[in-house]
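Model the full structure from these sequences, guided by the hints.
Protein chains: 2
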Amino acid sequence: MPASPPSLDSFDLAILAILQRDNTTPQRLIGEAVNLSAPAVQRRIKRMEQTGVIAGNVAVVEPAAVGHPITIFVEVELESERTELIDAAKRQFSAAPEVQQCYYVTGEADFILVITVADMGAYEALTRKLFFDSNNVRKFRTFVAMDRVKVGLTVPLPG
Amino acid sequence: MPASPPSLDSFDLAILAILQRDNTTPQRLIGEAVNLSAPAVQRRIKRMEQTGVIAGNVAVVEPAAVGHPITIFVEVELESERTELIDAAKRQFSAAPEVQQCYYVTGEADFILVITVADMGAYEALTRKLFFDSNNVRKFRTFVAMDRVKVGLTVPLPG
DNA sequence: ATCCTGACGAAACAAACTTGCATTTCGGGG
DNA sequence: CCCCGAAATGCAAGTTTGTTTCGTCAGGAT
Chain E
1 MPASPPSLDS
11 FDLAILAILQ
21 RDNTTPQRLI
31 GEAVNLSAPA
41 VQRRIKRMEQ
51 TGVIAGNVAV
61 VEPAAVGHPI
71 TIFVEVELES
81 ERTELIDAAK
91 RQFSAAPEVQ
101 QCYYVTGEAD
111 FILVITVADM
121 GAYEALTRKL
131 FFDSNNVRKF
141 RTFVAMDRVK
151 VGLTVPLPG
Chain F
1 MPASPPSLDS
11 FDLAILAILQ
21 RDNTTPQRLI
31 GEAVNLSAPA
41 VQRRIKRMEQ
51 TGVIAGNVAV
61 VEPAAVGHPI
71 TIFVEVELES
81 ERTELIDAAK
91 RQFSAAPEVQ
101 QCYYVTGEAD
111 FILVITVADM
121 GAYEALTRKL
131 FFDSNNVRKF
141 RTFVAMDRVK
151 VGLTVPLPG
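Sequence lines, in order, name chains E and F.
Okay, so the first sequence: first residue is 1 according to full-length UniProt numbering, each after it adds one.
Okay, so the second sequence: first residue is 1 according to full-length UniProt numbering, each after it adds one.
Hints are all accurate, no fakes.
Pairs of lysine-lysine residues, derived as DSSO-like cross-links and limited to a Cα-Cα distance of at most 27 angstroms, are as follows:
#, chain 1, residue 1, chain 2, residue 2
1, E, Lys90, E, Lys150
2, E, Lys139, F, Lys139
3, E, Lys129, E, Lys139
4, F, Lys139, F, Lys129
5, F, Lys150, E, Lys129
6, F, Lys46, E, Lys150
7, E, Lys139, E, Lys90
8, F, Lys150, F, Lys90
9, E, Lys150, F, Lys90
10, F, Lys150, E, Lys139
Everything labelled a hint here was simulated from the structure, so no lab data went into it.
Since this is a predicted model, take the numbers as computed values, not measurements.
In structure tokens form, the structure reads like this:
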């Protein structure tokens, strides 16, 4: 929850650029990089966490290493776009652990999902659960990733 | 680079489940949660980092807070699928900072991109640079995200 | 039976984070 | 032009966390 309207100066942006790449970087080193003392860096980080600029601190797990070597994109088109049904779809998609990302979009589809599964059998089972069992999915298109060329949540920073 | 064939036991998976949610959790607390001492936890984490099971440790930045409130999906279809040209496209897409994610996929498209931009003008400029200036893009379809329903890189863990 | 390997926990140690406080910086009146 | 208050800073002390060391134990191979 953003606590207030955050306005970031060049120090904040420089700190974010580092944390976005490696959030285990010691505050001392960050301080040296941006010309600030370690406590100053620490206060800024805390503030950005509280205001929601930093949404989380996570370890990125390699899917293949934990038995989910397959990444799949799905474009989902609904029958009805009634708000009520849209919300139901959002909840259902979000609830599935295999659904890594879910976006509600404009264009020739209503949702785009990013899914990680162990094998095509698991994907097939998931489609049955998410799409066929729902009466509101008109159709969906599947794209299987052959190469995860670039993966991350990195945002380009001004400055 | 994975150093060896990693095989993860239930301790490793339990640790990953925690780090994937919050990698600032003290090793002491992780130890209590999984019934291991702090040094044991620390050794396992280091091993998983070295073997590539943990691909990175990052702060997740809220795009809207840093001037990139718009997320866009693009399906890209190439003219030619010669390996050489595919690789060139991979490199070009990856090089763009606005391209947060890039996947080479099967199906009715060749690439799927996830892009974050400040406004539609920036997106329009980016399409010109990435697609129109390249002679190898047959067409592309754009989906603008109205709601980032679920965003992350979390992978479901067995156990 | 013995050795070797790998992993563990407890304790010592080093490093990082956090807090308190005096000082500085920066704007906006007076 | 100066003064004042809010906000941010650096330093130093205190606390927590991360890291290494070391002795022990279990399992497998010799």
